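Chain by chain, the residues run as shown.
2 protein chains.
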Amino acid sequence: MSKDLTKRADDFSKWYNDIVAKAGLAEHSAVRGCMVIKPSGYAIWEKMQQTLDKMFKDTGHVNAYFPLFIPKSFFSKEASHVDGFAKECAVVTHYRLKNADGEIVVDPEAKLEEELIVRPTSETIIWNTYRGWVQSYRDLPILVNQWANVVRWEMRTRLFLRTAEFLWQEGHTAHASAQEAIEETERMLDVYAHFAENYMAMPVVKGKKTPNERFAGALDTYCIEAMLQDGKALQAGTSHFLGQNFAKAFDVKFAAKDGALDYVWASSWGVSTRLMGALIMSHSDDNGLVIPPKLAPTQVVIVPIYKGDEGLAKINEAVAPIKQKLEAKGISVKYDNRDSQRPGWKFAEYEMQGVPVRIAIGERDLQSLTVEVARRDELSKQVMPIEGLEQAIEKLLTDIQNNLFKKALERREKTTHTVHTFDEFKQALEKGGFVSAHWDGTPETEQKIKEETKATIRCIPLNNKQESGTCVYSGKASTQRVLFAIAY
Amino acid sequence: MSKDLTKRADDFSKWYNDIVAKAGLAEHSAVRGCMVIKPSGYAIWEKMQQTLDKMFKDTGHVNAYFPLFIPKSFFSKEASHVDGFAKECAVVTHYRLKNADGEIVVDPEAKLEEELIVRPTSETIIWNTYRGWVQSYRDLPILVNQWANVVRWEMRTRLFLRTAEFLWQEGHTAHASAQEAIEETERMLDVYAHFAENYMAMPVVKGKKTPNERFAGALDTYCIEAMLQDGKALQAGTSHFLGQNFAKAFDVKFAAKDGALDYVWASSWGVSTRLMGALIMSHSDDNGLVIPPKLAPTQVVIVPIYKGDEGLAKINEAVAPIKQKLEAKGISVKYDNRDSQRPGWKFAEYEMQGVPVRIAIGERDLQSLTVEVARRDELSKQVMPIEGLEQAIEKLLTDIQNNLFKKALERREKTTHTVHTFDEFKQALEKGGFVSAHWDGTPETEQKIKEETKATIRCIPLNNKQESGTCVYSGKASTQRVLFAIAY
Chain H
1201 MSKDLTKRAD DFSKWYNDIV AKAGLAEHSA VRGCMVIKPS GYAIWEKMQQ
1251 TLDKMFKDTG HVNAYFPLFI PKSFFSKEAS HVDGFAKECA VVTHYRLKNA
1301 DGEIVVDPEA KLEEELIVRP TSETIIWNTY RGWVQSYRDL PILVNQWANV
1351 VRWEMRTRLF LRTAEFLWQE GHTAHASAQE AIEETERMLD VYAHFAENYM
1401 AMPVVKGKKT PNERFAGALD TYCIEAMLQD GKALQAGTSH FLGQNFAKAF
1451 DVKFAAKDGA LDYVWASSWG VSTRLMGALI MSHSDDNGLV IPPKLAPTQV
1501 VIVPIYKGDE GLAKINEAVA PIKQKLEAKG ISVKYDNRDS QRPGWKFAEY
1551 EMQGVPVRIA IGERDLQSLT VEVARRDELS KQVMPIEGLE QAIEKLLTDI
1601 QNNLFKKALE RREKTTHTVH TFDEFKQALE KGGFVSAHWD GTPETEQKIK
1651 EETKATIRCI PLNNKQESGT CVYSGKASTQ RVLFAIAY
Chain W
1201 MSKDLTKRAD DFSKWYNDIV AKAGLAEHSA VRGCMVIKPS GYAIWEKMQQ
1251 TLDKMFKDTG HVNAYFPLFI PKSFFSKEAS HVDGFAKECA VVTHYRLKNA
1301 DGEIVVDPEA KLEEELIVRP TSETIIWNTY RGWVQSYRDL PILVNQWANV
1351 VRWEMRTRLF LRTAEFLWQE GHTAHASAQE AIEETERMLD VYAHFAENYM
1401 AMPVVKGKKT PNERFAGALD TYCIEAMLQD GKALQAGTSH FLGQNFAKAF
1451 DVKFAAKDGA LDYVWASSWG VSTRLMGALI MSHSDDNGLV IPPKLAPTQV
1501 VIVPIYKGDE GLAKINEAVA PIKQKLEAKG ISVKYDNRDS QRPGWKFAEY
1551 EMQGVPVRIA IGERDLQSLT VEVARRDELS KQVMPIEGLE QAIEKLLTDI
1601 QNNLFKKALE RREKTTHTVH TFDEFKQALE KGGFVSAHWD GTPETEQKIK
1651 EETKATIRCI PLNNKQESGT CVYSGKASTQ RVLFAIAY
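So the sequence lines, in the order shown, correspond to chains H and W. Residue numbering for the first sequence follows our numbering, beginning at 1201 and increasing consecutively. Residue numbering for the second sequence follows our numbering, beginning at 1201 and increasing consecutively.
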């Protein structure tokens, strides 16, 4: 299989498309910009969902579900939100089709009085709902998440990374104080960073967005930024402190303990199927997909090497207890003893699909009581005794998980450039990676740098060192370095 | 709380609305016909989802995700499907809004060439996709399910039972033979029936729909029919044998082992958030919601009865090991030691919310080493020793689960009327419940009975006894009885 795969060095973008296609993760649909998430891709997304959902619940959140449609007028209620989101949207204008002389047409008599927007994000409909849920401080906090589909009519789409419809979760919380809402915003950023680093094995920089890059309607947008193999950055998750903006727009007030009425404080936070793109571009190689063990639907595949039915029967017998012991450790195992494909084909196939560990077992292994174990991350093989194999594999999976993170971290560190002049800045950008540079803090400079280089400020890292310096572009005084990059 | 609840005998419909509101399960949204599923409701739906999802996977299915939007022309491709579904739909006609003199309006220049329909069901978009997935018999079967939202523009809506947008799962499978597709259709009906009876504690009749009531595009529609407390029936799940209809409409062919090309055979099957309505109407009472233990997000609530902080501290200490031992059994437990509400309020609240078991523990109980255990289904109480409480509660939860099923089954049997004449038929209908009657097998008679009585044929039960008789309406010859009822 891998010989059909474009090499990263030749064309990274085509390599990505090839992997998504050949590993059966997703494909374009008949509807412009909308993807089909195929079973192999969806299985990884489900692992992400389950992990995140548990983390949300462990931090006190509950799930709920709000309508797909938002009345058009809701977007006008929060001034900056409308500019950000009331643009490229799917608009429902009618509610009936009819058969006109054998042709299906939209029934002009079934025009909606007010158009409905397919949600691009749900702050408006949710805060309109919260008005009925909150009277006093006793009703707070509200810690709600929803798993949902959203639609943003993107013109240039890319499977997983940018699609018109995508799947995501959006947390929407309501609090009695700014302090509490900010703590929540930061807590969820930490949850995202923990997930990215410990499950996706993808190092991320936690930071704040500049005002230019803020979520429309937020007072502060926090983000986690990842650095992919092609030297481009990707915003992998955001957490917003919304202040009282949506509470004011939708008139959500609460009575404090002392009886005083005040508007409710808010956060919102989300990650999406975009993480699938980030995962692929973080670890995969010229042989196909590489999935960190903690997110791999199948962690271990066992392939028999045999001659004839009798040979296979012997191996089947030997594999049964091995599989059972691995599964007893909570490891997901697939035994592929299909006779219709040769072992070499299977090896290439599971490499393409990114299964972290492959165990090959032949008739001679039955004598020596060993198996051949291949790890996907390093494409290396070793012989292991069957006795105690489950412990060895368990440890190997942990090693692979850690190794993937370590490699990605080393790559990021190697491609993070600290620069002092705009020439250095531009040279560094060409190499790819993050560029750490002094910036004068003005939106004008940020905009000019973007126009000249396409680089954007990915974030102002949290706990950034404060130091005096001069802006690489304007030469004006600066108090800290920020991270620039070309981004997806 | 319960004193505010309408009684079932007074107004069943209002009682239902009251429960949904007071147990915090769902509410109407600002968008016509669309509901907000609130955290308490969503938690039950999540339990349903998890259980069903595991059953689907245990029967070999995988999840995937297909687009929300369907091109209008797709509906015209399957002749009977279009009549059934290309009616009350949400139609997307534009993809952009713009700001016109401070007002947000739909941009007339952003009109779609072809309108998009928000999926009412996904056969068309999925079979259009399967065309690319299937070449030979080796690619079959495809056993795919998706969890998704769908929209049908209902004019008269009811929370959970009938809403414009609802959540569901839809399985779509592709097979190399009619036989295999029929087996799949029947297998999934069995899965639904098993879920309804063993998890929802809701007895169902498995049967086939008459041609009149079939899914638009199916050769055969199987269903599970439930009987609710008000004597009305509810279709709780359907499984369709689609023949080659969609394969023909979307040109999905496969090469058989012998090389011959043929169209692929299909099934589809689904259950939705409608099951929430069925659950509520099956078991709940004049004190509020009743949830079968297997679907209860909280199975046991512990309420302390105490005086002062010191009293509470003692009880807290005694409860910790009890809670731990229950949780070690896999029982979900909530300890509500909030000081802001009195025990009586909590008792009523958890009754309203349908928590299956309530444990009250007071300071005197600490002496006697006992607790008071109340079961929600019977509203009865007993004293139990703390020693071995976890075993006793585990057994009690099983008893409650079984008792709810038994009561519902007895109710259904008591309200299933076998009739011989049309007068008896009409009298039976007035009492409510299923009416088992001979029917001449014609759509005309079925239609006339519906017009005169509002009763529909809920199903022709599987494994129905074949017996000769005369149709209650037409007096013509009949070969079997079928089940009529007034239905939701």
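Since the hints were made in silico from the structure, they are not lab data. Mixed in with the good hints, there may be bad ones.
One copy or two, it doesn't matter: identical chains are merged, so the pair holds either way.
[Claimed, not checked] List time: in silico DSS-like cross-link candidates among lysine-lysine, alpha-carbon distance up to 25 angstroms:
| hint | residue 1 | residue 2 |
| --- | --- | --- |
| 1 | K1408 | K1525 |
| 2 | K1494 | K1665 |
| 3 | K1207 | K1432 |
| 4 | K1453 | K1222 |
| 5 | K1257 | K1494 |
| 6 | K1614 | K1311 |
| 7 | K1406 | K1507 |
| 8 | K1207 | K1581 |
| 9 | K1546 | K1581 |
| 10 | K1523 | K1311 |
| 11 | K1654 | K1214 |
| 12 | K1514 | K1207 |
| 13 | K1665 | K1222 |
| 14 | K1214 | K1432 |
| 15 | K1650 | K1432 |
The structure presented is a predicted model; accordingly, all values stated were derived computationally and were not measured.
Here is how each hint holds up against the structure:
Taking the closest pair of Cα atoms, K1408 and K1525 never come within 25 angstroms of each other, the shortest separation being 46 angstroms inside a single copy and 44 angstroms across copies. Taking the shortest alpha-carbon separations for K1494 and K1665, neither the intra-copy value of 34 angstroms nor the inter-copy value of 53 angstroms comes in at or below 25 angstroms. Taking the shortest alpha-carbon separations for K1207 and K1432, only the intra-copy value of 17 angstroms comes in at or below 25 angstroms, while the best inter-copy value is 63 angstroms. For the identical chains of this complex, K1453 and K1222 are inter-copy neighbours only, at 22 angstroms across copies versus 53 angstroms inside a copy, given an alpha-carbon limit of 25 angstroms.
Taking identical chains as interchangeable, the C-alpha atoms of K1257 and K1494 lie at most 25 angstroms apart whether they share a chain (19 angstroms) or sit on different chains (20 angstroms). Taking identical chains as interchangeable, the C-alpha atoms of K1614 and K1311 are never at most 25 angstroms apart, the minima being 58 angstroms within one chain and 48 angstroms between chains. Within a single copy, K1406 and K1507 get their C-alpha atoms no closer than 54 angstroms, and across copies no closer than 48 angstroms, so neither meets the 25 angstroms cut-off. Only within a single protomer do K1207 and K1581 lie at most 25 angstroms apart by alpha-carbon distance; the minimum there is 23 angstroms, versus 70 angstroms between protomers.
Proximity of K1546 to K1581 under the C-alpha cut-off of 25 angstroms is restricted to the intra-copy arrangement: shortest distance 16 angstroms within a copy versus 61 angstroms between copies. For the homomeric pair K1523 and K1311, neither the shortest alpha-carbon distance inside one copy (60 angstroms) nor that between copies (56 angstroms) is at most 25 angstroms. When the C-alpha separation of K1654 and K1214 is checked against a cutoff of 25 angstroms, the pair qualifies only within one copy, where the shortest distance is 21 angstroms, while the shortest distance between copies is 60 angstroms. For a Cα distance limit of 25 angstroms, the shortest separation of K1514 from K1207 qualifies neither inside one copy, at 40 angstroms, nor across copies, at 67 angstroms.
Taking the shortest alpha-carbon separations for K1665 and K1222, neither the intra-copy value of 44 angstroms nor the inter-copy value of 52 angstroms comes in at or below 25 angstroms. Only within a single protomer do K1214 and K1432 lie at most 25 angstroms apart by alpha-carbon distance; the minimum there is 15 angstroms, versus 58 angstroms between protomers. With identical chains, the CA atoms of K1650 and K1432 are at most 25 angstroms apart within one copy only, with a shortest distance of 14 angstroms there and 65 angstroms across copies.
Comparing the model with each numbered hint stated earlier shows that hints 1, 2, 6, 7, 10, 12 and 13 do not hold.
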